[in-house]
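Chemist: Listed below are the residues making up each chain.
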Amino acid sequence: MSAGQLPRWVDFGLIPALNLIAAFFVSGLVVLLIGENPLEAVEILLWGSLGYGEGIGFTLFNATSFIFTGLAVAVAFHAGLFNIGGEGQAYVGGLGVAFACLALDRYVPWWVTLPFAVAGGALFGAAWALIPAWLQATRGSHIVITTIMFNFIGAALMGYLLVDVIAKPGSMQPETRTFEDGGRLPLLDNLIPGDFFGTSQVNLSLVIALICCFLVWALIWRTRLGYEIRTFGANPTAAVYAGISPVRITIVTMLISGAMAGLMAINEIMGAQHRLLIEFVAGYGFVGIAVALMGRAHPVGIVLAAILFGMLYQGGAELSFEKPAITRDMIIVIQGLVILFAGALEYMFRPALVQLFSFAGAPAGQAD
Amino acid sequence: MTPAIELRKINKSFGPVHANKEIDLVVEKGSIHGIIGENGAGKSTLMSILYGFYQADRGDILISGEEVSIADSKTAISLGIGMVHQHFMLVDNFSVLENVVLGAEGSARLAGGLSKARKELKRLEDDYELRVDPDALIGDLPVGLQQRVEILKALFRGAEILILDEPTGVLTPAEADHLFKILEVLRDEGKTVLLITHKLREIMAITDTVSVMRRGEMVATRKTAETSMEDLAELMVGRRVLLQVDKKPAQPKEKVLVVDGLNVVDSRGVKVVKNVSFDVRAGEIVGIAGVSGNGQSELLETLAGIRSASKGTVWIDGELIDLEKRDVNAASMRQKNMGHVPEDRHRMGLVTSFAEYENAILGHHNDPRYSNGMLLDVAGIKETARMEIEKYDIRPPNPLLKTANFSGGNQQKIVLAREIERDPTVLLVGQPTRGVDIGAIEFIHKRLIELRDAGKGILLVSVELDEIRALADRVLVMFDGSIVGERAPDADESELGLLMAGVHGEAK
Amino acid sequence: MFETYLHTMILILDSTVRLSTPLLLACLAGLYSERSGIVDIGLEGKMLGAAFGAGAVGYMTGNAWLGLLAGIGVSIFLALLHGFASITNRGNQIVSGVAINFLAAGLTALLGQSWFRQGGRTPPLPKEGRFQDIELPFAEQVETVPVIGPIYSELLSGHNILVYLAFAAVPLTWWILFRTRFGLRLRAVGENPAAVDTAGISVVWLRYRAVIACGILCGVAGSYLSIAQSSGFIKDMTAGRGFIALAALIFAKWKPGNAMLACLLFGFLDAVAIRLQGQEIPGIGDVPVQFFQALPYILTVILLAGFIGKAIPPKASGVPYLKERT
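As they're listed, the protein sequences go chains X, G and E.
All residue numbers for the first sequence refer to UniProt numbering, where the first residue is 1 and numbers rise by one.
All residue numbers for the second sequence refer to UniProt numbering, where the first residue is 1 and numbers rise by one.
All residue numbers for the third sequence refer to UniProt numbering, where the first residue is 1 and numbers rise by one.
Only chain X is shown next, with the shape it has when bound in the complex (with noise of 0.2 angstroms):
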């Protein structure tokens, strides 16, 4: 039978492993075909990424920004959406932060922009996926075609702004003047002793998204509207049953999933480039997917999966730099095939091992 039960740590831990390896193999072939050491690459990649304090700083700058996106993507993916526009609503997301930032930076202290700020960059994030979610709410229209369509409705949104409204007067760049003090986070390497980042740009976002992923945990597995979101999302019927709102439920559930997504503006924008310009969210919002499928939706195995392609954007970036012929590009090639693997074909391996186990568990001569 198709639906055959596997232990759990087959399920939660063999599996994921077995894609993340495939995927990790397949990378290394491509490394192979431009005529690289793969083994080299990687010792490249991991000094670079975690051999030394600058290292990890950028790692861990990356991996802030990718926390937000994958949440955005999880939360979303526990009431049965998939919001693909996690690009767009960071975008629009950057849109909010700069406001708070150019509107406060020049009188106040970055400790009182801060909130404005967060504000600013979750409501913009969640206006730019309310309409998508209403519209699949309401009028059934597919989330994920609308995600997209807003992504680039976004893109030319912000491009007309940076152009044409709040750029920089006298300067031909589409980017608005850089922000004072009062508009810039701390970067950690200020807040602690000795010089352990160097010139890295790992910020205080790191600690404002490891406080949503508290939040997002606190939300999903403890809160009723948690609780509603998850029932609509592993059984619909069922929430109807329990008299949940479908229409509620993924509209507040998109609402956030933006907000996540708009918060990255916070460490692109408020922590390290102190202005806004123009494309800054770089496809980060689309990493965000990967993220999320390899975190699994849970906010520990996101910071685990950020974490690890942080650590494949910076050692990528080092890499890149010993080995030009391993471009940065290598990056979304690896990111492709974790999407791949550990999405797509998921369940590649699992008939295989149904086969397996069933076998070891099942007396001879029963398979009648």
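Calculated from the structure, these hints are not laboratory results.
Watch out, some of these pointers could steer you wrong.
[Stated by the list, open to error] With beta-carbon atoms standing in for the labels, derived distance ranges:
1) T138/X with R131/G: 25 to 33 angstroms
2) V247/X with F307/E: 44 to 52 angstroms
3) I34/X with S78/G: 24 to 32 angstroms
4) G106/G with F77/E: 32 to 40 angstroms
[What the hints assert, rightly or not] Computed cross-link-like contacts, EDC-like style, restricted to lysine to aspartate or glutamate with a CA-CA straight-line distance of at most 16 angstroms:
5) K446/G with D322/G
6) K336/G with D322/G
7) K315/E with D72/G
8) K402/G with D11/X
9) K247/G with E450/G
10) K311/G with D377/G
11) K323/E with D317/G
12) K181/G with D260/G
13) K29/G with D188/G
[As the list claims (entries may be wrong)] Which chain X residues stay away from chain E? Per the calculated CB distances, all over 10 angstroms, these:
14) F152
15) D164
16) E175
17) A290
18) M330
All figures in this text were calculated on a predicted structure; none of them were measured in a lab.
Backbone N, C-alpha and C define an ideal beta-carbon position, used for all residues, glycine too.
For this one, chain X is given, so just place chains G and E on it according to the hints.
Modeler: Same frame as chain X, now just chains G and E:
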């Protein structure tokens, strides 16, 4: 004469379920052969084996005297077997003609095949009085005509044997009568018809021979002319030992549930509950008997607030509830102290991927007893779950275990415990012991009687007549969306069976 | 005055045709896949992969046709990957599409850099490595005939073969879909795979053929970008065209004739945006170029919301087929 179909010792299991046991069957050419049995008796499985949808684990199939192996539907079709499935296998946005030729187009280009098919369709129409507009879209046709297209599909492929699986389930009585005329014409033209049904009236009206299946076994084959409905009803149900439930006579008190003129229309626009009125008193169990698909499920779901009614009123404990209103939902009905054990625990009553304790509050998660403001009181919920596990002897006694890993009986106890322990005024119960082992059945029955004796009103829907007779204090029989009669639970079994089959019914 | 207007109009329409071509090919590709019930958001990736394959082989062999063949080959490979994930393994079709987009974006840039060392692009193709514009007969002679002359010689004539191929693919697709056995079965399997299965037809094989057809057309679409419209592959050169094609497919309600109109409309918007960059529209004023860029997506969302007609996808799309107990 060589029989059209001969089955020898057919066996088929799905996991632990032995759906077909040592089935022997002989179907004469040019006859209408009925196969009758209760839900889950194994009729559909047997026919799916014949049509190549499943392979038998063991046994032989002979078609016109020749042993064959039917690996897929394609083989079945080439052997001259056609099947009209219970759920039509039609493409809604295709025309009749396109549906008929699908898979038998003739050539790579459609034009030739289509015009040939149009002629052939015309001939079939004339020969068998199967009139349908070949250019009409399937989605625009009433179900009766859609079924006719299914028959045409089979005949177009040269079917000599036609299997119909519960063909009248979706038809009005007039449409059903028309179908029977068509089947008679087919027989007179030399075709063999296999009719799968659980309706006695149809068997008596149309078949030449009838075989009875019960719990995966073929228990009898009779000439229809030499048997009677009573006879068949008994064969179908079997002389089962009545489940003994220790119960005192009921002491009904005030009316806690009153249903007046309830009508429900389903998503297809079909009226599934027709003008149903009844009441349930505190301290009694009212059973609704009937073959599944006669509106009981919809009735139950409407009272639970899951479906909305098109017309009708309901009083719970004297309070009027307007079921047509939009703000009625499962949560608002629960607030009126209406408990609900749904018919299908997997689809509706449980989230099987949740831990046991999480299912202990499904539908009651907004109850202040289980929450602190926005937060769930997880410790309290686990405590409640533990208490219920102990009280209902749910095994294994682990509230953290994933619900899917409990046996059917224990899963049902989880649902039952949840709904009973919320102390409902009225409890709606659907199929409480479906897929449940004997031990758990006894336990569940006892609990329901206890609840009754505690002065609650219980509305019980079950397709198991035994269960209704064992538990209910009054029995209402539902047929085709209406309540066709009320009987005492110790009424003659065959009389109840006939009512359930839509015979002797006097619709209220 | 009229002459200038006509000339401007013809120029815009001419670039509309050029810009619509890759959209149209990709849109028809998606049509085959989605009509069979396989949702494909990986059109972008397949196009990009094909553009790279065609550019690389076109450069190395100096033969446009070999380039096209390579482009189609790459695209079919990616399509089969999608098929393996979504048909054989019954995986999530959206996730598979996302993965293919990532794979194509990464691999093309990576291999491009590794093989050609020009920042992920191929070197400029030799003339023979590209598809050349074709002059239709008498284009030169009739050029001076008023109105019709310029329309014929500038708008209709002077495109490369892939443009004509793309527009010829529209009636061909219509014919395949509605006039052949394969088309009938394809449409049926996207609506009700169980009906196809019980009619004795293999659902799996039918869907594989559909994704292969999708691969072929995406291959042509991508090749057009690198070896017909421009002379070589550039990193990320599809720039979202696969998604516009997807939008066009929805906008066209999965019909070939509509697909052509939708792609022409979206191509026209693109052409106008390029033309109007920095110019004012008389009577309206300055319309930001981004508005035209976003318009295809906005229109599609409005359509999806059911405010202008209703876009109803094939009923079985996105749902893996599993034989069930009846």
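Chemist: Confirm or reject each hint.
Modeler: Verification of the hints:
A C-beta distance of roughly 42 angstroms is found between T138/X and R131/G, which places it outside the suggested range of 25 to 33 angstroms. Between V247/X and F307/E the beta carbons are some 18 angstroms apart, a value that contradicts the proposed interval 44 to 52 angstroms. The beta-carbon spacing between I34/X and S78/G, approximately 53 angstroms, falls outside the hinted interval of 24 to 32 angstroms. Between G106/G and F77/E the beta carbons are some 35 angstroms apart, a value that agrees with the proposed interval 32 to 40 angstroms.
With a C-alpha separation of about 33 angstroms, the suggested pair K446/G and D322/G falls outside the 16 angstroms cut-off, and the hint is violated. Between K336/G and D322/G the alpha-carbon distance is near 12 angstroms, which keeps this suggested pair within the 16 angstroms criterion. The straight-line distance between the Cα atoms of K315/E and D72/G is roughly 25 angstroms, outside the 16 angstroms bound, and the hint therefore fails. Pair hint K402/G plus D11/X holds up; C-alpha atoms about 13 angstroms apart against a cutoff of 16 angstroms.
A C-alpha spacing of about 9 angstroms is found between K247/G and E450/G, which places the hinted pair at or below 16 angstroms, so the restraint holds. Taken as a hint, the K311/G and D377/G pair is broken in the structure, with Cα atoms around 40 angstroms apart against an allowance of 16 angstroms. Note on K323/E and D317/G: the hinted pairing is violated, with a Cα-Cα distance of about 47 angstroms set against a maximum of 16 angstroms. Under the criterion of a C-alpha separation no larger than 16 angstroms, the hint pairing K181/G with D260/G is inconsistent with the structure, at around 38 angstroms.
Taken as a hint, the K29/G and D188/G pair is honoured in the structure, with Cα atoms around 11 angstroms apart against an allowance of 16 angstroms. Once the 10 angstroms rule is applied to beta carbons, F152/X is inconsistent with being away from chain E; the minimum gap is 5 angstroms. D164/X, annotated as away from the interface, has a beta carbon of chain E within 10 angstroms; the closest lies near 6 angstroms. No beta-carbon of chain E comes within 10 angstroms of the beta-carbon of E175/X; the shortest separation is about 16 angstroms.
Its beta-carbon lying about 8 angstroms from the closest one in chain E, A290/X breaks the requirement of being farther than 10 angstroms from that chain. The beta carbon of M330/X is not kept farther than 10 angstroms from every beta carbon of chain E, the shortest such distance being approximately 6 angstroms.
In summary, the structure is inconsistent with hints 1, 2, 3, 5, 7, 10, 11, 12, 14, 15, 17, 18 from the numbered list given earlier, while agreeing with the others.
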